[in-house]
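Here the structure of chain A is known, so what remains is to put chain B in place on it, guided by the hints.
Those protein sequences? They're chains A and B, same order as listed.
Residue numbering for the first sequence follows our numbering, beginning at 1 and increasing consecutively.
Residue numbering for the second sequence follows our numbering, beginning at 415 and increasing consecutively.
Hints listed in this document are in silico derivations from the structure and should not be mistaken for laboratory results.
In silico DSS-like cross-links for lysine-lysine, where the CA-CA straight-line distance does not exceed 30 Å:
no., chain 1, residue 1, chain 2, residue 2
1, B, LYS449, A, LYS74
2, B, LYS449, A, LYS6
3, B, LYS468, A, LYS28
4, B, LYS449, A, LYS3
5, A, LYS360, A, LYS308
6, A, LYS105, B, LYS449
7, A, LYS6, A, LYS244
8, A, LYS391, A, LYS199
9, A, LYS138, A, LYS68
10, B, LYS449, A, LYS68
Here are some of the chain B residues that sit facing chain A, going by a computed Cβ distance under 7 Å:
no., residue
11, GLY454
12, LEU455
13, ILE462
14, CYS511
Note that beta-carbon positions come from the ideal geometry of N, C-alpha and C, so glycine has one too.
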Amino acid sequence: MSKNVKIAQLSCGTEYSGIQPEIEAAAKQVNAEMVFADVDYDDIARIEKDFGLEVASPDLKLLMARAKSIVDGKTDVDAVFVATCFRCAEAALARSEVRRYIYEKTSLPVISYSFTERTTSGTLLTRMEALTTMARRKSLLARERQTGLTAGIDSGSTTTKCVIMKDNEVIGTGWVPTTKVLDSADEAFNIALESAGIKQSELDALGTTGYGRFLIGDKFSADLVQEEVTVNSKGAVFLADKQKGDATVIDIGGMDNKAISVHDGIPGMFTLGGICAGASGRFLEITARRLGVEITKLGDLALKGNSKNIEMNSYCIVFGIQSLVNSLSTGAKPEDVAAAACYSVAEQVFEQQLQEVEVKEPVIMVGGSSLIAGLPKALEDLLHVEVHIPKYSQFIGAVGSALLVSGLVDTSKK
Amino acid sequence: MSKILIYPTNSLVLADLVDRFGHEPLTIPQEIRKKVTSVGLDSPPLNITPEDPKIGLKYAAVEVPSGVRGRMALIGPLLEKADAAVVVSDPEATFGCMGCARTNELVNFLIRAKKIPMLELSYPTNDDDARDFVYKIAEFLQSSEVLKHE
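If we strip away everything but chain A, and leave its shape as in the complex, we get (with noise of 0.2 Å):
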């Protein structure tokens, strides 16, 4: 059993919204417990004052108090949980600040979250699981070299990824549409472990990832089962050979998306979008059938156009693909729809997530819609930074996953 992790809850409007229990669910699922530091009320009355937010509700000035808690060591946790309701401005403004306070005044890892009365126990999984493996395994996470012969597969929504990893290099990959999900698990695993000239009982140990990770994980008997926050960064700063300091990561993902604040290779802050498919690789997928043309060219199409002769008037994967054909009717180009596209979709990622992580360079841009290139671009236009693109970055889930995993094999060796 592992290390019962101590996540202090620092939230506003969870019980009312009926969602504590799914909270609750989520953290036990993960051996965690959410915690609530003691304060007096007038730690309450001074917080103000003290943190230099001002604001009306006095659960906001509870949460901002059991922060200073933290910070001033007064509570003892493991990792820090700050969620409020979606769509309270006042609420939006004390959660990004108290997830930032934290960040900078702690080595705590913390992630902050929007909820609404459907948020469930199921979405709020992988968020837990990341925050308690930042908190629990800090030693495999500072991991920076793959050993031996593993391998690692990423059951991801639209595709399923697996690599062979021998003595740091990729030495096999395989990639299939996501069907069946433990066939076609079955069949990456199968091409990869072809294309590296190996059989399956000559690895030394399996990691898997991505939304099917516990069912491959139950048939490949796996010795790690990791969410995507964490083999991604994992993976990201090994690809990208950017391993100290600090680094975001961005993964445009089929279903959902994720930002995530890197130091030193250890995620910091992140955020998983996924409520709106007008912000993920999807709406890139749909595009390319409507233009006719391969998900694999559409990025160079949008390279040659302009996204600003496009009038786009919205993200909505319905009404956005809808405006992008209309474009079309009135003699718009191809490569100015693709581009459009790109930037659509770039933009919503800037504007809903990057705002909630530090952006800080190198930015490394993972999954198969890096390789969609308009989509680097366009978000290189936004950021003005340079956007790298690491060798084998579709594969990303399966390394970050095949590299963990070899930490094990060492672990259980000494």
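Same frame as chain A, but now just chain B:
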């Protein structure tokens, strides 16, 4: 006996005053301790489920935060029953306190919109104000506009 909505709804002092003058306080009781150990300052006395914020849609639209709507699922029915209301603004947390300022704004508006007899008071900060505070509440609770609902 009139039904008197007190706000903050978890104020034991207000509930006691209303009770002493022979009325029924409409309240969400809560134990107040020296330290705050619960999730929020006005943690609900029962388990709120994700269905409650949907019930709260009767009082606030979907774009209103779920925490407001969840509170309204509890406070709204109290408001519907109320014959009169005593509202204290900016109280100390130990007096009784609602965690969400947006809910405070909405509840105060809905009380005014209902046009029931309403006494609005600021939380007293010294002994003289405190005496005056209690006197005004007593006077209100014995006034004809409140007693006519008996």
